[in-house]
Amino acid sequence: MKVAIVGCGQFADAHIQEVRRIPGATVVAVCDLNPHMAEQAATRLQVPGRYTDLSNMLDEARPDVVHVTTPPASHLAIGRMLAARGVHAYIEKPFTSTLAEAEELVDLAMRAGVLLCVGHSYAFDSAFLRLREQHAAGALGDVVDVQASMGYNLAGPFGAAMMGDPTHWVHQLPGGLPHNNISHPVSLVMPFLVDEHPAVVSRGMRLRRERYHDIRDAFFDELRVTIAGARTTASIRFTCAARPVQLFCTVTGSAAQATASLDGRSLHLTTGAPLPGPFARVQWTYRAHQQTRRELWRHVKGLAQARLHFFEGLHELVSRFYLAIDGRGEMPIPMPEAVRAARLIEQIFSACQATGATS
Amino acid sequence: MTDATGGRLLVTGATGFLGRRQVRRLLDGGWSVRALLRPGTDPASVPEWAEDLASGRLEVAHASFSDAGQLRSALDGIRVVLHLAASKSGSAAAQVANTVVGSEQLYQASLAAGTSRFVLVSSFGVIGASQVARGGLIDEQVPMEAQAERRDPYSFAKHRQEALAWKYHRERGLPLVVVRPGAVFGPGGSIMGPRIGLRLFGLFLHLGGGCTLPLTYVDNCADAIVQAGVVPGIEGETFCVVDDDLPTSRQVLRRYRREVAPIGFVPVPFFALRQLAGVNEWYSAKTSNHLPAVFTPYKVDAMWKGHRYSNAKAKARLQWSPRIPMDDAIGIALRALAASSGGRHGA
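One line per chain: the protein sequences are V and B, in this order.
When we follow my numbering, the leftmost residue of the first sequence carries the number 1, and every step to the right adds one.
When we follow my numbering, the leftmost residue of the second sequence carries the number 1001, and every step to the right adds one.
Hints are computed from structural coordinates only; laboratory data are not their basis.
Just so you know, these numbers come straight off a predicted model, no measurement behind them.
One or more hints might be untrue.
Using C-beta positions, here's what the derived DEER-type ranges look like [as the list claims (entries may be wrong)]:
no.	chain 1	residue 1	chain 2	residue 2	range
1	B	Ala1044	V	Ala155	18 to 28 angstroms
2	B	Trp1166	V	Asp53	22 to 32 angstroms
3	B	Ala1293	V	Pro244	26 to 36 angstroms
4	V	Arg231	B	Ala1285	48 to 58 angstroms
5	V	Ala242	B	Val1266	30 to 40 angstroms
6	B	Ser1341	V	Trp284	40 to 50 angstroms
7	V	Gln290	B	Gly1278	37 to 47 angstroms
8	V	Glu210	B	Gly1236	40 to 50 angstroms
9	B	Met1144	V	Gly159	30 to 40 angstroms
10	V	Ala242	B	Gln1319	52 to 62 angstroms
11	B	Pro1262	V	Gly159	35 to 45 angstroms
12	V	Lys2	B	Gly1278	28 to 38 angstroms
In silico DSS-like cross-links for lysine-lysine, where the CA-CA straight-line distance does not exceed 25 angstroms [stated by the list, open to error]:
no.	chain 1	residue 1	chain 2	residue 2
13	B	Lys1167	B	Lys1313
14	B	Lys1167	B	Lys1088
15	V	Lys2	B	Lys1286
16	B	Lys1286	V	Lys301
17	B	Lys1088	B	Lys1305
Backbone N, C-alpha and C fix where the C-beta goes; we use that ideal spot for every residue, glycine too.
Construct the complete structure from the given sequences, taking the supplied hints into account.
Okay, here's the thing in structure tokens:
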């Protein structure tokens, strides 16, 4: 599998490193409009081809699949060119800036007979995959409610860069910073929401101090979303204020509750305690303790065996995508799911804007 | 007083550790200054500028390095640019985006504005120190790093920034002077940098042993940069800036323990550090970056092999000498550390 990367920002490193862990996959080229960005990625990561023109890269490096790690406003144009050349694409989140672009992109790919994979990589982290296995095995019963929470550090490397530049592409997204990140919790609740058009209520707040008097002061730094399907509800929290910064998902079912921590890469199942009275308190805590011990042991073994790579979810998703391209597996995220996620995201931000809710 | 060519000096990175002192040294020296700030940065965040802003000796221009129009306005009437701004943290890609891509816009805008001097404040990190023998001399004669990608992201980005500046000098006539400061220290910028050691799992690992530290006190460094901006006839030259009477890592650690906090430490000799770095590099490669190769023998050679440093060219050609003696400078820095931590400062 010959792989190329378009967009040599900081996340390109993770793609190149994870692709290289997949047997049979080779990164043949990188491309960026800025020659310095293409050069730095090619030199540091020892990629043979470097380009500033996507068309030239496709002609000369002839990749089978291109990972698109450019800002989302460019995804449709790039995807159009890739589809026209018959090249498969892994497209980083957010899939596109708007629902209309997502629909057009998937339509183009389907008509061209190429595969598109949306970069919902946290949904392929082992903790979340184990949660889904528990659900598939019936351990949770019928899903009643799903909660996904994502924390964000505005002072982190990406946050600081974005806040330092009013022309940063994040500020051009319809929903600003939360728009760039909401794909993560959305991708965690979506497998449990079967409704095509759930009701969405969304409220945004700005808890940070107004500082710049420009577009950087505009985005919501807190978002609370309630999604109501026919039989299942979901809630999404995006927060820049809460600490510790973490991403987790809790699924409450008719039989049990499970929480996957994407930071701890751990899964905790809550099944209750059947013992009577005060014994239940002991049993409840004991069961939690047993699970914590099992998770600890899993991670100790993972550390010893060098299996705790940071971008495990990306690796798993890309591996499955490549198998699908080879015809040896199903698409890990069917293409219509990218449109469904884009629809939900658009609902979230249009609902949020409609309420006009700010602190 | 204005600069040698009769205009204001533009300082980028003016709110940074070195930048603030740079602006102060210029103002104290009688020059008129324009500080380039990012859009949205409030000059009131630097209280010591208030009087100079009111008097007009200090101006502020807001510009993003990605906005050519804003840069053009910021450079209006400027003859000398002192380019201090650089990204100091984040991924290599992010640092290149900020430091290299941004600088190129400034190089182009400076050429268009007809500036007569462009001083790039580079770094010792761009020097190919790994290739210099133990005990060898680091000065302007040592070639630039041939494999900057094997160093840290900061050194990599600074290498690309300086290399690009030289390209603009050769091909487009950018009136370039490069200043490469050693480790800049002073109040607000800890002297206890990685050349001395680092904290790991609650321990302070003393990595520097008896190595000489290429230190320059922030005010002395700022003086050298001023000279690089105004001394005539030095376009196309590079200057390494370190102070006189450079101490060893061990001497600074000893003073820190005596004057700031009696921290415990574990000395890591050079040969052991190099072996550990080899293991780190091997493990990282073997496990597809399960742990990043923070230490590699290449980096260890550049930082802790034990070199000597020269400021002879800077003293001769820039007519500069460190005004604050090293012993006093270390004392000032350590007192500031002690004051900021109430005597309980951890390295």
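Fill in: Structure versus earlier hints, numbers of those that do not hold, lowest first
No hint contradicted; all consistent.
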